[in-house]
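Peer 1: Each chain, written out:
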Amino acid sequence: MKYVSLQQADFDPGAEQAKLEALSPGAVSSFTGLVRGDDGISAMTLEHYPGMTEAALNALADEALSRWPLKGVVLIHRIGRMTVGERIVQVTIASDHRAAALEACAFLIDRLKTNAPFWKQEEWSDGKCRWVEAKCSDDAAAERWDQAAK
Amino acid sequence: MTKVKILYFAWVREQIGLTEEQVELPAEIETVANLIDWLAGRSDTHALAFADRSKIRCAIDQSIVAQDASIGVAKEIAFFPPVTGG
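For the record, the sequence lines run as chains A and B.
As numbered in our numbering, residues 6 to 155 make up the first sequence, in order.
As numbered in our numbering, residues 74 to 159 make up the second sequence, in order.
Result set (EDC-like, lysine to aspartate or glutamate): computed pairs, CA atoms no more than 20 Å apart in a straight line: (1) B:K128 <-> A:E52; (2) A:K7 <-> A:E68; (3) B:K128 <-> A:E127; (4) A:K24 <-> A:D101; (5) B:K128 <-> A:E138; (6) A:K140 <-> B:D125; (7) B:K128 <-> A:D143; (8) B:K128 <-> A:D144; (9) B:K148 <-> A:E59; (10) A:K133 <-> B:E87; (11) B:K128 <-> B:E93.
Source of the hints: derived by calculation from the structure; they are not laboratory data.
Work out the full structure, taking the sequences as your base and the hints as a guide.
Peer 2: Spelled out as structure tokens, the structure:
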């Protein structure tokens, strides 16, 4: 089972978890990314490349399904403006085994940061805005899955 | 001359002041790097956006490519900063 969604609306991690539990796997892993309030940030706006983003998310989910024995993959990424504490991204994985569930979840989150065309702009309450810069540590986290490729 | 749609995202879009533009590519433009040089000459805002090439990423027909990649028969070429999703 694969469910990939790019959406403005919020989502319910519990509902996604329940959908995957219904597949009767031995394990379900889950990651939810939220807007952090660092440095007094009040909101975050996510811009993306329509068309390419959907294709990139689907390709990542397909790669996870081909690399690990999974029963289900849920990948939800929001776009648009979100305030501090709001959910941005959800990865939920069902497998019969914990290692596959945990590894596939980490793989998707690491690769999402480097392989999908999203750009974050931070916003402060006084109206000041700043584009988030890509981090070398994100590249390193994504590249460890290249080395682990069979 | 080949017609190509150029797209800009994030601060590249803001600095140039355009989300997209249709351009007629001169035949001598073979690679992404050639195209960046040519686009940088279109206006002061283009020059500013493309001033630091190390901060520019490119996708040809929605696939990310390096700046030495050949443009070939591309229909859509996008320029943007390194991605920051997740």
